[in-house]
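Chemist: Keeping the supplied structure of chain A fixed, place chains B and C upon it in accordance with the hints.
Residue numbers (the numbering used here), protein chains in the order written: chain A, 1 to 508; chain B, 1 to 481; chain C, 1 to 111.
You may find that some hints are simply not true.
In silico lysine to aspartate or glutamate, EDC-like type, Cα no more than 16 Å apart, as pairs [to be verified]:
(1) C:Lys108 with A:Asp359
(2) C:Lys99 with B:Asp92
(3) B:Lys220 with B:Glu159
Restraint ranges, calculated between C-beta atoms of paired labels, are given here [as the list claims (entries may be wrong)]:
(4) C:Asn47 with A:Asp374: 33 to 41 Å
(5) A:Gly137 with C:Pro22: 20 to 28 Å
(6) A:Asp374 with C:Pro51: 24 to 32 Å
(7) C:His60 with B:Asp190: 40 to 48 Å
None of these hints come from the bench; they were simulated from the model.
For every residue, glycine included, the Cβ atom is placed at its ideal position computed from N, Cα and C.
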Amino acid sequence: MADLHDMTVADLAAGLKKRDFSAVEVATRFLARMGGNPHNAFLDIDSEVTLAQAKASDQKIADGTAGPLEGVPIAHKDIFVTREFDTTAGSHMLKNYRSPFDATVVQRLREAGMVTLGKLNCDEFAMGSANENSAFGAVTNPWDTTRIPGGSSGGSAAAVAARLTPAATGTDTGGSIRQPAAFCGITGIKPTYGRASRYGMVAFASSLDQAGPMARSAEDCALLLSAMCGPDLDRDSTSLNIANEDFSRLLALPAGDKPLAKAGKDGGALRIGVPDHWLAWEEGHASAQVDGCSPAVRIAIQNALHVYEQLGAVVQSIPLPHTQLSIPVYYIVCAAEASSNLSRFDGVKFGHRAKTFTDLADMYQRTRSEGFGDEVKRRIMIGSYVLSHGYYDAYYLQAQKIRRLIADGFQTAFAQCDVIAGPVAPTTAWKLGDKADDPVANYLADIFTLPASLAGLPCMSIPVGLGDTGLPVGLQLIGNYLQEASLLNLAHRFQQVTQHHLAKPEGV
Amino acid sequence: MGAAKLVHGYEVVIGFETHAQLSTQSKIFSRASTAFGAQANTQACAVDLALPGTLPVMNKGAVERAIELGLALGSHIAERSVFARKNYFYPDLPKGYQISQFEIPVVQGGSVSFFLGEEKKTVRLVRAHLEEDAGKSLHEDFIGQSGIDLNRAGTPLLEIVTEPDIRSSEEAVAYAKELHKIVTWIGICDGNMQEGSFRCDANVSVRKPGAPLGTRREIKNLNSFKFMQQAIDYEVRWQIEQIEDGHAIQQATVLFNPDTGETRAMRTKEDAADYRYFPDPDLPPLVISREWVERVRSEMAELPRVMAERFVTQYGLPEYDATTLTQSKAMAAYFEDTARACGQPKLASNWIMGELSRRMNADDLGIDQSPVNTTQLAALINRITDNTISNSAAKQVFDVLWTEGGDVDSIIEAKGLKQMNDTGALEALIDEVLAANPKNVEEYKAGNTKALNGLVGPIMKASKGKANPAQVNALLLKKLG
Amino acid sequence: MSLTPHDIQRLAQLSRLQFDAPAAERMLGQLNGFFEIVEQMRAVDTNGVVPMAHPVDAMHGLSQTIADTDEHGMTLRLRDDLVSETNQRDANMQNAPAKDQGLFLVPKVIE
Chain A
1 MADLHDMTVA DLAAGLKKRD FSAVEVATRF LARMGGNPHN AFLDIDSEVT
51 LAQAKASDQK IADGTAGPLE GVPIAHKDIF VTREFDTTAG SHMLKNYRSP
101 FDATVVQRLR EAGMVTLGKL NCDEFAMGSA NENSAFGAVT NPWDTTRIPG
151 GSSGGSAAAV AARLTPAATG TDTGGSIRQP AAFCGITGIK PTYGRASRYG
201 MVAFASSLDQ AGPMARSAED CALLLSAMCG PDLDRDSTSL NIANEDFSRL
251 LALPAGDKPL AKAGKDGGAL RIGVPDHWLA WEEGHASAQV DGCSPAVRIA
301 IQNALHVYEQ LGAVVQSIPL PHTQLSIPVY YIVCAAEASS NLSRFDGVKF
351 GHRAKTFTDL ADMYQRTRSE GFGDEVKRRI MIGSYVLSHG YYDAYYLQAQ
401 KIRRLIADGF QTAFAQCDVI AGPVAPTTAW KLGDKADDPV ANYLADIFTL
451 PASLAGLPCM SIPVGLGDTG LPVGLQLIGN YLQEASLLNL AHRFQQVTQH
501 HLAKPEGV
Chain B
1 MGAAKLVHGY EVVIGFETHA QLSTQSKIFS RASTAFGAQA NTQACAVDLA
51 LPGTLPVMNK GAVERAIELG LALGSHIAER SVFARKNYFY PDLPKGYQIS
101 QFEIPVVQGG SVSFFLGEEK KTVRLVRAHL EEDAGKSLHE DFIGQSGIDL
151 NRAGTPLLEI VTEPDIRSSE EAVAYAKELH KIVTWIGICD GNMQEGSFRC
201 DANVSVRKPG APLGTRREIK NLNSFKFMQQ AIDYEVRWQI EQIEDGHAIQ
251 QATVLFNPDT GETRAMRTKE DAADYRYFPD PDLPPLVISR EWVERVRSEM
301 AELPRVMAER FVTQYGLPEY DATTLTQSKA MAAYFEDTAR ACGQPKLASN
351 WIMGELSRRM NADDLGIDQS PVNTTQLAAL INRITDNTIS NSAAKQVFDV
401 LWTEGGDVDS IIEAKGLKQM NDTGALEALI DEVLAANPKN VEEYKAGNTK
451 ALNGLVGPIM KASKGKANPA QVNALLLKKL G
Chain C
1 MSLTPHDIQR LAQLSRLQFD APAAERMLGQ LNGFFEIVEQ MRAVDTNGVV
51 PMAHPVDAMH GLSQTIADTD EHGMTLRLRD DLVSETNQRD ANMQNAPAKD
101 QGLFLVPKVI E
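The shape of chain A in the complex, shown without the other chains (with noise of 0.2 Å):
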């Protein structure tokens, strides 16, 4: 039997039910991986929450009312509130801040019978691609603690990939699981927008946050997904009201020789469409279109489409219109829905508020102004900026015409194949403290990632290999709207064949 930080969601949940190990006797493993805290991936722990509620749950268990992920350990990016433990945002502003309620996504994970080891590090209020804006401190790539695991999920990848949780909670707002999953080499989903309530999650931009799994295989993803997914009619007024799905139905579907040769939607081989602005797809072959799509991540790509050919589906290049406008469109959107988001933290009813001041307006802007960093104080200029009486046409608005338009594009798109694919990041993980000083040079490395988001498309990353700098990359499945289970099954279907989502960084 492998040790228990080694093993699967699926097979922690079955050893558990066959009482091979106790819920306890799991978290106490997970509790003392955690103990000083490897790559400062944890913002709060408390071991006497944690063990209570193993002790629940082997109960359940003993009962024979255990729900389908009874005992299994998971951990919360903290931007989920939560109330056994604080829930920071990764801001001083919500230091020690207790929220009265649990999130709806916390709740459900709990009702399936997860126990929570704590909560994980983040950028501050998901600004971020390198988990280097929390307050708290940057976290480290378990793979190179010198350089950053990405962002803004950064403690919820750092901490599945280095083995202190089977898996983890993240929020993708602009790509904030997949990007960190493909820098840490582990499966990250982001579902359709809707399909996870946004109820206790801290609000980032209300029009992209999303809430989604991350792990280290997509049938474990898939197994959360369903867990963590539903209406919440009554809390969430964009929550859609569609019955919940199980994400996992498709994977047990034979696999055979070429499994994708006829999973296409029109009972062909499936069509994988690779957008030709970001790599050319010639004759099995990927060239970078892209500025800065380093060699290691274009080859790992085409190795990972190879696999797929050999699965028996299609490559083939597709347009894909007015992505290269996402930069701008998706920076406009947040921050104008961030600045308003944020409002709330004022001082007068929770949070941190500051020491002295002379009035009320003096309140307001040192509370503020300490409590917040400085890419979330950009980020509100921003916001108010394009908000502004007089330019709200011309940035805000406009910015959602554009939004309509790469939506529209993706559906061009969606009539030439099943499934787009590409890279998630142009680069691997760069080192700590390399693009902290220059906020644009963040914004840019978000070119694969933020057309989905605007789109509110069901996306993944898979860990499909390291490069020559032996750092992990990461390809990026897109599929279209309340196609999750499909996505899962692809992300599967290469897993099966290919060994680089069990790939461990040294020395964990």
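Modeler: Relative to chain A, chains B and C alone:
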């Protein structure tokens, strides 16, 4: 619109904004209670406090009440309307933005008609939109600090905005009273102004007739009809004085001080103008089907203006009477019961608008508390129409009914108020008076018709008020030729 | 379209943030750097394009599958007018920086 009433040569231009708190059980975006008077922050749930991670969910009851208002005012009810965030910082605004409606409100257009004296006025509405109320700041008990109570945060409001159609402070009060009547009549708002259920702001400007609109100042929180007129009058005089002294009017928000009788500009919030409105991404557009509107329409009680029109056609009442009688459901019901019982709608109207209203005002009673009920009033009217008593005698009967109660016939009997209807005795009486007043007779015959009054008086006196005035007149004219 | 120091001042005031002179200057440079890449977006002809407020607005053909949608996209769900939140004042105010007698305390609000 009639000719504007000028003040020192200036035309007064007023637009009204009213915030009506809707009578829902729960808040507009949360499930906390809206009941008035609870202990501080005991009705402010996580959503109301804007705790991290909370989201708004729309109350159907608030939407239904908006539809009802739109139907009552003859407005267009938007098939799709959008909620927008109005961003500004204030301690009683937990999210740092108010969820309101900006470009596309739920109710568009419509009007409110009412009588100002004998003149019918119509004030057009621009729009009415749904939004959430803010909390309250309390200043007593805390030195150098304010206490914030967020119980009220999230209470549903309808903000009702007029065109600048109002031309005097009297008209403004009449408009406000009519709107107040409508919202309480249809039951969407309890109208309790002391509790803040119905809050009015007046945008006031002045101009020389024919000139473009002047700069307006907004008088906020006019929460009693009594002070409303006073405040507007003061503001108008102040603005005229400023202009006459050569000062331009600066746009400002002002508050009325009932103790001093003056309006004073509030501390200006420099960036108050830039609310950075944008559609709230947490709330998809509100869709109201035509079927829903029709369903609400069919379930609504008869609207005051419809009832007034019916009083005109069904009972032959003048518009003025019909409007006055439909000032409340209770009064309208009182009228209809009386009119049906006595079959004399105009007389019923006269008595209700006249004697009954006078008494109610003097004793500060609502019509539900009137000691005279519809059966009694109908009986009284019947005794007038069947000539048993004269009008002036009827007033005496009414007086007794009001102060002591009882039944009409017994009172007539007890007070000996029966009219003299015996024409023989009356003629004899008239002959006596004519003989005793030859001068009046002469003057009348000479062409001075007013001289008749000098004869009617003594006749009535001689009859101890029991003569039927109509008969007296008829007989007199017959005798004098 | 370049921002000026006056813009930074105005935006800071709107956002209730304060910057010392060097920070304000840095912010100005960073914002202008950002708006440079925004310029390409402004040049796009979007005449007749309906702005997309929610991803559901683009989920064509799924309005049959997903309730609370129509041909334009998502529609607002309405809940019944019922009270179900009980008094949770202590729990809800547990993170208040300053409170007394059940009220949140702030520096005096001058009206």
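Chemist: Broken hints, numbered, in rising order?
Modeler: none
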